[in-house]
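Below are the chains, spelled out letter by letter.
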Amino acid sequence: MKNDDGPGRFVFPAWTNLIRPLLAVILVTVPAYLVVLVWLGGSPKTTDVGYRPEQPVPFSHAVHAGQLGMDCRYCHTTVEKAAFAAVPPTQTCMNCHKQVRSTSPRLLAVRESYASGLPIPWVKVHDLPDYTYFNHSAHVRAGVACASCHGRIDTMEVVQQVQPLSMGWCLDCHRNPDPHLRPPELVTAMDWVAPGDPAELGRRLRETAGINPSVDCWTCHR
Amino acid sequence: MNARVRLAAGVTHSNAGGSRVGRRYWRSLEELADSPAFRTMVEQEFPGLAEELEAPATAATRRSFLKVMAASLALAGLTSCRWPKERIMPFAYRPEGYVPGVPQIFATALELGGAALGVLVKSVDGRPIKVEGNPLHPASLGAASPWAQAAVLELYDPERSTTLVRREGGQRRVPTWDDFVAFAAEQATALRQRGGRGFAVLAEATSSPTVAMLRHALLGMLPAARWVEYEPVSRDAERAGLAQVYGTSLRALLHLDQARVIVAMDSDVLYGHPEALRHAREWGAARRGDGGAMPRLYAAEALLSLTGSASDHRLALPAGRIGALLLQLAAEAARAGVLLPAGLGTVSPFTAGTPEADFAVRAAGDLAQVRERGLVVVGPGQPAEVHAVAAALNEALGSRGTTVTYTIAPDPERRPHLEAVAELSASLADGTTEALWILGGNPAWDAPAELEFAQRLAACPQTVHLSLYENETSRLCRWHLPRAHALESWGDARAWDGTLSVVQPLIEPLYGGRSPAEVLAALVGEPALSAYDLTRRTFASQWGGGEDAWRRALSDGIVANTAYATVTPRLLGDAAGEAGGRLAVRPASGRELILYPDAKVFDGRFANSGWLQELPDPITTLTWDNAATLAPEDAQELRVKHGEVVRITHGGRSVEAPACVVPGQARGVVGLALGYGREAGGSVAAGAGVDAYPVRTAATAYLASGVEVQRTGRRRLLATTQEHHVIDTLGMAERGRRVGSLIREASLNEFQRHPEFAKNATWSQARPLWQEIELKGEHQWAMAIDLSACIGCGACTIACQAENNIPVVGRKQVARGREMHWIRVDRYFAGDPSDPQVRFQPMPCQHCENAPCESVCPVAATVHSEEGLNQMVYNRCVGTRYCSNNCPYKVRRFNFFNNFTKVAATTRMAFNPEVTVRGRGVMEKCTFCIQRIEAGKTAAKNERRPLRDGEIVPACAQTCPTRAIVFGDLKDPSSEVSRLHRHPRSYGILEEIDTKPRTLYLAKLTNPHGAAGEGEASS
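First to last, the protein sequences are chains A and B.
Be aware that the first sequence starts at 1, since it is given in my numbering, and climbs by one per residue.
Be aware that the second sequence starts at 223, since it is given in my numbering, and climbs by one per residue.
Errors might be hidden in some of the hints.
What the hints assert, rightly or not - Keeping only pairs whose Cα atoms sit at most 27 Å apart, straight-line, the calculated DSS-like set for lysine-lysine is:
id : chain 1 : residue 1 : chain 2 : residue 2
1  : A       : Lys45     : B       : Lys998
2  : B       : Lys1159   : B       : Lys998
3  : A       : Lys81     : B       : Lys344
Stated by the list, open to error - Here are some chain B residues the structure puts well away from chain A; computed CB gaps all over 12 Å:
id : residue
4  : Lys307
5  : Met443
6  : Ala676
7  : Glu878
8  : Ser1106
9  : Pro1135
Note that these hints are calculated values from the structure, not bench results.
Note that CB positions come from ideal geometry on N, CA and C, so glycine has one too.
Use the sequences and the hints to build the structure in full.
Shown next as structure tokens:
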């Protein structure tokens, strides 16, 4: 057992030779992994797209906007004149639901609200940071469709976020609005497809209406 | 003599070589003396910061800092990736016409001292957030005073009284309104049995017709009851003076737009008057020198006021000598051919050649020349005789009907406030008043000291006090009732000229308060009537208004044609001469103490408003304090330094206050503002200033003669802003020369001869260092500020604070130069410290096209927009403060703390939701009200129409009483701002360093006596 190296002398086992390359690999991959994790994992594309909270009333846009073909503005009346496309008051629901399915248990919360005068606590789906000042009317009047940002609401049983609503995503359109413009009277059409080249149509619309989206910081942040 | 030479006198060339150093502008006596302390101050970017970093007790050590940073980095990963779930709470029944998030504007009125100011209040989602003037209202014309604008903060003050309080046998109970109504009914029954004997109501001054009707009903029910009106600060002397010469109680209305020569005798018509906003508007319109004419203002006053600052000739004179000066003026007027009533114009108290006599000669000569276009106006602190003589003088000039008109004073039989409260106090002492209801006001604190009102009130067996706050008076009363704020109750009020406004609530009472009318209704047996019912009843009965008229009144904020009728009184034969005779025998006697309502907290009622406390006083730039103001010579004589506490004694009563040396104050005068040193004023008011009421007796309510001033040796740190944000152009050596180029001025004459004088004041060969970027925006925003119109009132500062969620930082931080106001009003003195001229310059961000702040920001947090705005991006800012360092105008403000974390939930309701609330560590500054710009642009685009000029108005411009601030689009050549930018008087400050400011100033014009103009001799 004894050898020239003398008693008690410790010899690193052979596998320890791997530590150095391993360490190098870890030093390279772990930070890269962390960066990728934060970059992708924290991006609005990952965190926000697909956000689909449960609502206090199982309201189906697929039924109302899809099957029944109701215009968005029947309920979201303020979308053309205000920053907020306000969620309708309970009154609006009861315009129909006094007659239609007036005893449905799914509408219990609506009837309660109507009776008590207290609001239905809807959960906000498309939630911008408080330092971002988005104005619905400016976009809708310019011919940016509801579907461009909110997706095919008419197919959603439960509303979910389909676009990242990130600053980069906003700027993509502000820098090149043409492919996203349509005649303002068609903004609420869910299944509209541009005849011909959308960018070409958009260019004409932009020029005639003088649409000139700003990319200045204070357009949205102030 | 050419224009340049005059400029050397007035403004100095910046590149003209050292030989011609002309008139020197200075901000404070320290600066004038160039003291070492001032040098240190200027050298520091943020005074006091170094001290903070060095102080071991307050500052974190490097090690602990690293520890904390490491911990916070480690914890940062644990926070959730998505922000908290937010709820949308739509109305179950949305009110008609309401769009969520869209502001609604309601017209209402705010009353101060019995005169209403019509305002428009912006309400967002049910929260009133901003008070603006009502353009239709005669006392506002679209402007709002700092007091009116601070009403929202008062509304949301968490320290307002929230409950009724019953004090009985040393116990404090919290009853309900029902309990009180029952008590009121009980008391009414008991009082009716004895016809109201022993009962008195003490009310603050109000013009409300509803309160007047209820008062009438009350006195009908209880004929022996007394109604006492009391305001610590009122214009009773004017009323008494007019009664002396006209035989009836009259109210004077001034028309500065008609005046060509105004002589203000101890009178601050531009700020301290119920119609000051209208006066300022008329003044500002007339002083721009358009058409080659402008009114001339003479001011004689003891304390430097805004009117004195705006004057062309100012005479510093003890208040007790104003009467003598008026007699001198009358004598000189008589000599100049004005036919005076018998007994006037015979005495000349000042010998020829004295400054007083010269002043009188010039002013009288001018008055005699313009006759009915002349106006002599006397301040409320002067005795009745002075008012009487001035009225006679106006009458002799023929001014009645042009520059001054009269109406019958409302409630003409009313006793003067000081006498009325003295009688009430006596009746409390001898027990003839056993029950006292106090509606508003704070008499236990602000009644004349010798009355000992507080002790007598405490001894009264039945006392009720209705008040916004549980204040000094409430604490001594058996019942305290929370009062509904003017923004949360129905009511009515009349302007100084009588125009009726309906007061409508913007919000339900936050704390269940009730209005004075409702409390009175409970007493006269109508407890079921709400303030709304009462107001409508008055409206219907007195103005015969049906539903249409009512809605019109609510919508307009005024009821048209309800102003008091103008009367044409007859001067009583000898009255003016007799008044003059009484004046003539008054000699000056010793040092004077002048007690005056504060420019910010008024008589103390606004003391708990952080906005007002932190607004720099226009003259002293003092915040969070009042001070004993002294003339520089007096301070020297008394060996008192700025900030040293002095004891002021008069008639055995004394008050200790820190001294504040004010150039331009009359010698032998001490000034002390009322309204500070509140004991029960709330946490904001606590510790702010000293209480001047203990030395204020009925006889010395405004002026005490023969006071003694002693040093105490103690000092108090006074938080002034006058040396903050010094524009240190090129070091101390350059400053004296350069500051002159910031304020450019000329007399009207010189302007007519050399219209381009302001542009020629500096020249520069500065060339850009790099290729300049062409701005391609649809609009190019710009501002113009007319220094001829600006009177330095500070309304813009408060408007900006309310609009842009600007924090209040407190006395300590202000003393360190960390006030956050986005627009400050610089105050410069020029000339001799004993007789200085005062110049004001509002200073917002200049939005330089070549902004020096932008090129030094390491993170591009401040960048230029295509529309020419210097944008500040809070989220990018890392707080290096390089931008502030490089800003030559010193308009950038840094958040050293999270200023809003400790703000009460109610106070947060005052936030403007359109503006980000900034956190610690970021820089901020004027945005030209970008939220208003964006809203205006969006509205125009949605309607597919071009923006109209004047559609977008920043908060400062909207509220400016003189319309000195104009904002607009330079791309529109016909816009007002384009016109002003092309104006010959326009100039950019520091444009010689090629910053290309987007804010241009219009040089100040003065109109001194004499065709040649003042300063002519300086060539």
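Against the structure, the hints come out as follows:
Between Lys45 of chain A and Lys998 of chain B the alpha-carbon distance is near 33 Å, which puts this suggested pair outside the 27 Å criterion. For the hint linking Lys1159 of chain B to Lys998 of chain B, the alpha-carbon distance of about 16 Å falls within 27 Å, and the restraint holds. With a C-alpha separation of about 18 Å, the suggested pairing of Lys81 of chain A with Lys344 of chain B holds against the 27 Å cut-off. Look at Lys307 of chain B: its CB is around 6 Å from the nearest CB on chain A, not clear of 12 Å, so calling it non-interface is violated.
Non-interface call for Met443 of chain B relative to chain A: holds, since the shortest CB-CB distance, roughly 41 Å, exceeds 12 Å. Separation of Ala676 of chain B from chain A is adequate, the least Cβ-Cβ distance of about 48 Å exceeding the 12 Å criterion. Listed as a non-interface residue, Glu878 of chain B keeps its Cβ farther than 12 Å from every Cβ of chain A; the least gap is roughly 47 Å. At roughly 19 Å, the least C-beta separation between Ser1106 of chain B and chain A is larger than 12 Å, which holds for a residue marked as non-interface.
A beta-carbon of chain A comes within 12 Å of the beta-carbon of Pro1135 of chain B; the shortest separation is about 9 Å.
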